[in-house]
Amino acid sequence: MNCSERLVAISSSQIPQKHLRVQPVLVVVVVVVVVVVVVVVVVVVVVVVSLLLFLLIIIILLFLSFQMSRMTSWMKMEERDPSCNPLDPLYHANCDNGVDESSKKTSNADAPPPPPGYIPPATISAQDVNSFDLVRATQYGMLNRVTELIEAGYDVNRMDHENVSLLHWAAINNRTDIVNYFMSKGAIVDRFGGHLNSTPLHWATRQGHLQMVVQLMSYGADPSLRDGEGCSCIHLSAQFGHTAIVAYLIAKGQDVDMLDKTGMTPLMWAAHRVFGYDPVRLLLTFGASVNKPDKLNGNTSLHWACLSGNHIVIKLLLSKGGDIHAVNLRGDAPLDIAIKMSNGDLVKKLRDMQAAAQAAKQSLVGRLAANKDFRKKMAYVFPFFVIFVIGAIPEISASWAFKVLLFMPCFIVANLIMRWFFDESLSHVIPIAIYFATKFWMSVTWLYYIAPYIESSLFHVIFFMDLALLTYNFYKAWRSDPGYLKSNREDKIKVRALSSGVDV
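Using the numbering used here, the first residue of the sequence shown is number 1, and each one after it goes up by one.
Worth flagging that the hints you see were computed from the coordinates, not collected in a lab.
It is possible that part of the hints are untrue.
In silico SDA-like links for lysine to any residue, alpha-carbon gap of 25 Å or less [to be verified]:
(1) Lys-292 with Ala-326
(2) Lys-439 with Leu-467
(3) Lys-476 with Val-461
(4) Lys-295 with Lys-348
(5) Lys-261 with Lys-348
(6) Lys-372 with Gly-391
(7) Lys-315 with Lys-348
This structure is a prediction, so every number in the text was calculated from the model and none was measured.
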């Protein structure tokens, strides 16, 4: 052994043995610490990923709910029936033949104040009737008093201090028996009068008295005559929302595209003034021209609907081929009018439609999005895939991080599909499709995941009975007529007073 080997042996023999035994203990401690840290990190990661996945699912569901609410929110608009004199007919009990006895006994404390000089019919005594002049007797429907005064020599065609004939007053108050009497005495049926230089038929049309319109036309009244504002009866009935009168006039041969003094059609008036489906829908059914411009401004019906922000009518007009790019004499398209009216919702809607129309000409997706049948089929199928994806991804054999990443492209694809193919016209389809998809996957889950572990047949019977009852309830709610609420005379007065801005 040489010197160097001897020195190494001596130095090694002098090292304490206890230090040599400490090294394995330290290794074990380090390994345990490392394992604990790794486990803690893994648990934290799993918890965080689980929370993120849960939040992502919640966000997807909220987004789908938000998109559906956006598609249906603009449909929830109150329909208002404009009227030139909304309260007057309701102050007369004889105007409403359908009033029951119980409604007549209710208090009128909440009714709007009557016009000056008004006397409630129930409080009119024989002495009051005998003091009525011919105009007031006509307004209140006192046929005996009217007959007495006419037989005493009063001229039935005489105009009062407002340049209004007796037939005008009978027509606006829907006094059919008095009209028959006046006509038997030689009343002029197409006599012009009043501030608007109108005929009795114009007055009855404004008030929506279909029975009176029919009666006057049976005596030869001409519905094509124009009043002082240049409107014929079909224009008046369209702008005041009297759909039944519009239909009657068309049936009697009035042109559905008749022009008034400014070149406006009934469809233009209805689009501008009536916030409801009819009479616009009726006029379109009878072939009214959607894109015909008026003579004064060059506005189409779509322009007029945009001027008043009439979303319901805009939807109808566009579904019937309304030209969203048409310009008036000032060079304004419907979108320009919506911008000038500061109607943000309408601007967004029209811009989306313009973009969709442009995309339909350039790409396959655009053409599919413009196809109504394809979009409807997509609306029925889409919820089946969405519910499947939400349930299937958490069940795959992969890490939670991968599942979260997999949800991201699914979310993006779902968003694009809803933007491209869904709009408010499908708002009535999507809830039904969601119901069917939910019912389908509920049945699949029961049959393939739950039923194999249930031995008792009673639970299967209960499940399918519940399924049948849910289906029956859905069918009844979907197809049954919900009916309507009856209203008495006082309720009608309140509704019309509120619609006309009168405090009650």
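Results for each hint:
1. Lys-292 with Ala-326: Holds, at about 10 Å.
2. Lys-439 with Leu-467: With Cα atoms ~8 Å apart, Lys-439 and Leu-467 stay inside 25 Å; holds.
3. Lys-476 with Val-461: 23 Å, holds
4. Lys-295 with Lys-348: 29 Å, violated
5. Lys-261 with Lys-348: Violated, at roughly 34 Å.
6. Lys-372 with Gly-391: Measuring from Cα to Cα gives roughly 30 Å; hence the hint is violated.
7. Lys-315 with Lys-348: 14 Å, holds
The structure does not agree with the numbered hints 4, 5 and 6 stated previously, though it agrees with the rest.
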